[in-house]
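Chemist: Throw the hints in and build the complete structure from the sequences for me.
2 protein chains.
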Amino acid sequence: MEHVVIVGGGFGGLQVAKRLAKAPVRITLVDRLNHHLFQPLLYQVAMAGLSPSDIAVPIRAALHRQRNVRVILDEAVGVDLARREVELRIAGRLRYDKLVLAAGAGTNYFGHPEWSKWAVGLKDLDEAVEIRRRVLLAFEAAEREPDPEKRKALLRFVVIGGGPTGVELAGSLAELARFALSRDFQTIHPEDAEVTLLEAGPRLLAPFDPKLSASAARQLEELGVTVRTGCLVRQIDDEGVRVAGPDGTETTLRGSTVIWAAGVRARPLSRTLGVELDRGGRVIVGSDGSIPGHPEVFVIGDMAHQVGPDGKPLPGLAPVAIQQGRNVAANILRDIEGKPRVPFRYVDKGMMATIGRSRAVAQTGRLRISGLLAWFAWIVVHLWFLVGFRNRLLVFYNWAYNYLTYKRGARLITGRRLEPGVPRQVVEPSEVERAARERLPPQQQRAPDPVHA
Amino acid sequence: MEHVVIVGGGFGGLQVAKRLAKAPVRITLVDRLNHHLFQPLLYQVAMAGLSPSDIAVPIRAALHRQRNVRVILDEAVGVDLARREVELRIAGRLRYDKLVLAAGAGTNYFGHPEWSKWAVGLKDLDEAVEIRRRVLLAFEAAEREPDPEKRKALLRFVVIGGGPTGVELAGSLAELARFALSRDFQTIHPEDAEVTLLEAGPRLLAPFDPKLSASAARQLEELGVTVRTGCLVRQIDDEGVRVAGPDGTETTLRGSTVIWAAGVRARPLSRTLGVELDRGGRVIVGSDGSIPGHPEVFVIGDMAHQVGPDGKPLPGLAPVAIQQGRNVAANILRDIEGKPRVPFRYVDKGMMATIGRSRAVAQTGRLRISGLLAWFAWIVVHLWFLVGFRNRLLVFYNWAYNYLTYKRGARLITGRRLEPGVPRQVVEPSEVERAARERLPPQQQRAPDPVHA
Numbered sequence: 001m002e003h004v005v006i007v008g009g010g011f012g013g014l015q016v017a018k019r020l021a022k023a024p025v026r027i028t029l030v031d032r033l034n035h036h037l038f039q040p041l042l043y044q045v046a047m048a049g050l051s052p053s054d055i056a057v058p059i060r061a062a063l064h065r066q067r068n069v070r071v072i073l074d075e076a077v078g079v080d081l082a083r084r085e086v087e088l089r090i091a092g093r094l095r096y097d098k099l100v101l102a103a104g105a106g107t108n109y110f111g112h113p114e115w116s117k118w119a120v121g122l123k124d125l126d127e128a129v130e131i132r133r134r135v136l137l138a139f140e141a142a143e144r145e146p147d148p149e150k151r152k153a154l155l156r157f158v159v160i161g162g163g164p165t166g167v168e169l170a171g172s173l174a175e176l177a178r179f180a181l182s183r184d185f186q187t188i189h190p191e192d193a194e195v196t197l198l199e200a201g202p203r204l205l206a207p208f209d210p211k212l213s214a215s216a217a218r219q220l221e222e223l224g225v226t227v228r229t230g231c232l233v234r235q236i237d238d239e240g241v242r243v244a245g246p247d248g249t250e251t252t253l254r255g256s257t258v259i260w261a262a263g264v265r266a267r268p269l270s271r272t273l274g275v276e277l278d279r280g281g282r283v284i285v286g287s288d289g290s291i292p293g294h295p296e297v298f299v300i301g302d303m304a305h306q307v308g309p310d311g312k313p314l315p316g317l318a319p320v321a322i323q324q325g326r327n328v329a330a331n332i333l334r335d336i337e338g339k340p341r342v343p344f345r346y347v348d349k350g351m352m353a354t355i356g357r358s359r360a361v362a363q364t365g366r367l368r369i370s371g372l373l374a375w376f377a378w379i380v381v382h383l384w385f386l387v388g389f390r391n392r393l394l395v396f397y398n399w400a401y402n403y404l405t406y407k408r409g410a411r412l413i414t415g416r417r418l419e420p421g422v423p424r425q426v427v428e429p430s431e432v433e434r435a436a437r438e439r440l441p442p443q444q445q446r447a448p449d450p451v452h453a
Numbered sequence: 001m002e003h004v005v006i007v008g009g010g011f012g013g014l015q016v017a018k019r020l021a022k023a024p025v026r027i028t029l030v031d032r033l034n035h036h037l038f039q040p041l042l043y044q045v046a047m048a049g050l051s052p053s054d055i056a057v058p059i060r061a062a063l064h065r066q067r068n069v070r071v072i073l074d075e076a077v078g079v080d081l082a083r084r085e086v087e088l089r090i091a092g093r094l095r096y097d098k099l100v101l102a103a104g105a106g107t108n109y110f111g112h113p114e115w116s117k118w119a120v121g122l123k124d125l126d127e128a129v130e131i132r133r134r135v136l137l138a139f140e141a142a143e144r145e146p147d148p149e150k151r152k153a154l155l156r157f158v159v160i161g162g163g164p165t166g167v168e169l170a171g172s173l174a175e176l177a178r179f180a181l182s183r184d185f186q187t188i189h190p191e192d193a194e195v196t197l198l199e200a201g202p203r204l205l206a207p208f209d210p211k212l213s214a215s216a217a218r219q220l221e222e223l224g225v226t227v228r229t230g231c232l233v234r235q236i237d238d239e240g241v242r243v244a245g246p247d248g249t250e251t252t253l254r255g256s257t258v259i260w261a262a263g264v265r266a267r268p269l270s271r272t273l274g275v276e277l278d279r280g281g282r283v284i285v286g287s288d289g290s291i292p293g294h295p296e297v298f299v300i301g302d303m304a305h306q307v308g309p310d311g312k313p314l315p316g317l318a319p320v321a322i323q324q325g326r327n328v329a330a331n332i333l334r335d336i337e338g339k340p341r342v343p344f345r346y347v348d349k350g351m352m353a354t355i356g357r358s359r360a361v362a363q364t365g366r367l368r369i370s371g372l373l374a375w376f377a378w379i380v381v382h383l384w385f386l387v388g389f390r391n392r393l394l395v396f397y398n399w400a401y402n403y404l405t406y407k408r409g410a411r412l413i414t415g416r417r418l419e420p421g422v423p424r425q426v427v428e429p430s431e432v433e434r435a436a437r438e439r440l441p442p443q444q445q446r447a448p449d450p451v452h453a
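Which chain is which? The protein sequence lines are A and B, in order. Counting in the numbering used here, the first sequence runs from 1 upward without gaps. Counting in the numbering used here, the second sequence runs from 1 upward without gaps.
If you're looking for bench data, these hints aren't it; they were derived computationally from the structure. Heads up, the beta-carbon is just placed ideally off N, CA and C, and yes, glycines get one too. Mixed in with the good hints there might be a few duds.
As the list claims (entries may be wrong) - Which residues of chain B face chain A? A few of them, derived with a C-beta cut under 8 Å, are:
(1) I72
(2) T251
(3) R254
To be verified - Short, incomplete list of chain B residues facing chain A, as computed with Cβ under 7 Å:
(4) S53
(5) R60
(6) E140
(7) R183
Modeler: Below, the structure is given as structure tokens:
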């Protein structure tokens with residue numbers, strides 16, 4: 001029986017596994033985390049609106065009815081295309097007949113990995129919880145601080161990157177301060193928090209219609225967010241964030257809590273393939289999702305550079321990954337049945353970004369909506385997507401509760417240190433990231449221990 | 001207006017603050033954590049049955065309607081009884097007119113602090129999440145492990161301490177393996193997990209009726225737990241746990257995931273007072289809850305050694321702390337009104353311990369119950385206690401859901417490292433714990449910065 005190895009249990013990888021439930025194949029799904037994450041709501045964990053368990057489900061639980069899947073918690077650190085083997089960090093080598101790479105993307109600091117110390121990215125639950133901790137600790141430190149200047153600096157927050165994640169973070173951060181925390185403190189007024197959203201390009205939400213970009217900026221400003229476009233980040237350090245404005249003048253936002261939402265790049269596993277990548281480290285794949293010259297290896301989701309009907313690469317969105325996963329599963333089945341493969345056709349369902357509670361922008365086809373209506377659309381779509389998630393009811397309950405009471409049940413600070421600002425926990429690069437940086441071929445990384453020979 | 005400083009936002013401290021809501025006093029509540037914890041359910045977080053946010057509520061949220069309280073996130077590192085000042089680690093000194101010490105207890109390794117590296121205690125959310133991570137990672141590692149001997153060692157769990165916490169942990173660990181995880185793995189049978197509960201004394205649940213102790217042991221054995229009484233732990237290290245049995249012969253439980261529930265001792269803050277303590281580091285207080293010679297300083301909850309009607313010190317239970325909190329608040333009010341203080345009278349509501357789902361033991365007055373009936377009693381009491389918690393519905397929903405489906409929505413592994421067994425994160429002693437170990441008087445710990453002068 002063919003052995004299909006899937007690397008990554010996100011939207012794409014999980015879709016492939018589920019679609020092959022009745023196929024005559026043996027599947028091994030490898031992920032370095034034990035849970036599938038509903039990433040579109042990750043910013044709500046960072047902003048203390050939802051708890052980690054509301055938006056994550058163990059991969060084993062998601063697949064436990066499917067008997068042809070084996071799940072392994074491990075990290076894929078390299079692929080040997082010639083031998084058809086994936087190198088796992090702990091369990092050694094894994095032979096495949098078909099390989100699906102769906103390991104997603106990490107944060108891209110554009111050549112400044114040292115900034116990650118101050119500016120946390122938002123790609124997994126650990127990072128979301130770390131952001132939540134830093135934001136809540138900043139308010140706590142401000143409450144303790146007698147010096148008004150220092151207090152002001154503690155209440156200064158900078159979100160870098162004006163894409164959907166940055167817009168969602170800035171909007172919900174402003175709301176957290178203005179509504180959820182406003183009654184909790186005696187010395188400070190949390191609503192005095194300064195939230196700045198920095199974007200390098202000329203407008204927010206670049207892939208959206210310019211009218212919606214303008215609407216998003218207006219809606220953010222209604223919430224008190226300072227939106228600055230055309231701004232380049234020059235430096236991030238203990239002082240704060242040094243920014244060059246559109247006219248080139250530099251200013252420093254001092255003592256800020258900084259969140260990085262400026263860019264992603266494919267996981268460094270892609271670099272171990274030795275095939276053509278785009279600038280974001282994504283693997284360039286053909287219309288059937290496979291690597292040119294390697295029809296047995298598919299790449300999907302945020303790791304893949306696949307061209308859409310408009311000739312441009314498809315965006316890094318959950319619907320793209322899910323649809324690609326379906327296409328790859330279909331092609332694996334067609335291979336078994338001896339039928340020719342079918343090319344991927346992306347059905348664009350549109351895009352949306354939420355801006356706090358009751359504000360959003362959305363576009364689909366020729367439709368452009370913003371404000372409350374867009375927000376309702378956003379809720380309906382996200383609840384629909386959560387179908388299959390056991391957490392649907394919990395998320396709904398939490399949302400409804402938050403909406404009515406402005407309380408945040410998820411406002412916990414975990415971790416032992418009490419000071420914000422000073423970086424407490426540097427997010428270490430994983431071993432595969434280090435190895436990829438050092439450009440070691442995967443074979444040299446460790447002696448192979450055979451598994452699944 | 002009198003300034004009442006409360007150290008600790010647990011059951012006792014929160015009770016004092018709430019009871020003084022309408023009193024003509026200014027209150028400052030200091031806690032090193034931002035949340036009040038429903039500690040009786042903490043073991044369920046460690047065993048992946050509930051999420052941290054289900055059993056914790058931010059102290060600010062719990063008190064935000066009360067205008068005479070200021071909440072400070074900081075750690076009390078010393079008390080200067082002569083100057084009536086509390087030393088805070090970050091914010092400096094805080095003057096009080098009345099002081100209520102309610103900082104609780106930490107884990108007691110009985111002279112072996114180095115064991116904490118392997119045997120995590122269960123006193124806060126960080127420790128509960130760390131236990132959950134180690135337990136779930138052990139099953140994941142067993143699934144990857146080809147060697148049957150190593151696999152067996154990975155599935156060996158040891159709970160040290162046969163009090164209510166140890167009994168609850170061992171029971172729910174056995175159930176996690178037998179029911180919740182049983183369908184999730186392909187290579188291993190999680191129900192083959194070996195759970196051993198070690199107790200130094202002659203029986204489990206020493207404070208309970210001997211019949212209930214025997215019943216608890218029987219109920220645990222029905223779940224597959226090996227109960228060993230009269231066993232002393234000699235050593236814990238990378239090898240495992242070395243145990244001396246009742247006859248003195250030593251055996252080693254190899255490669256185990258170890259949880260420490262063997263004892264508590266009062267937070268080391270008590271040692272900075274320079275007053276009489278008992279062997280557990282608890283402050284010996286009079287019948288009004290105050291320190292002899294210092295009627296302005298009260299100690300309650302797990303930090304206090306107060307004698308009950310039977311002449312024995314009161315146990316470290318939530319009802320004791322809550323009732324003591326009420327008594328102290330009443331006495332603070334009576335001082336203001338110029339009335340004599342009232343002594344504390346403990347109303348014993350009984351004790352209970354749950355053993356997984358549908359098993360428990362309970363005693364109150366002359367009533368002794370065990371099994372399903374005791375379990376129902378346990379649920380009713382805990383839901384009743386959760387009144388006032390915003391999480392009541394969530395907890396109930398989660399319980400009901402777990403009961404019906406055996407799924408565990410909280411089965412997340414967070415943190416970046418993938419291997420169990422080898423200690424990953426040594427829980428660092430806090431600064432106050434270090435200072436107290438070195439027996440520095442609090443004045444020498446740091447230069448004072450005046451706050452609230």
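Chemist: Which hint numbers doesn't this structure obey?
Modeler: Result: hints 2, 3 break, sorted rising.
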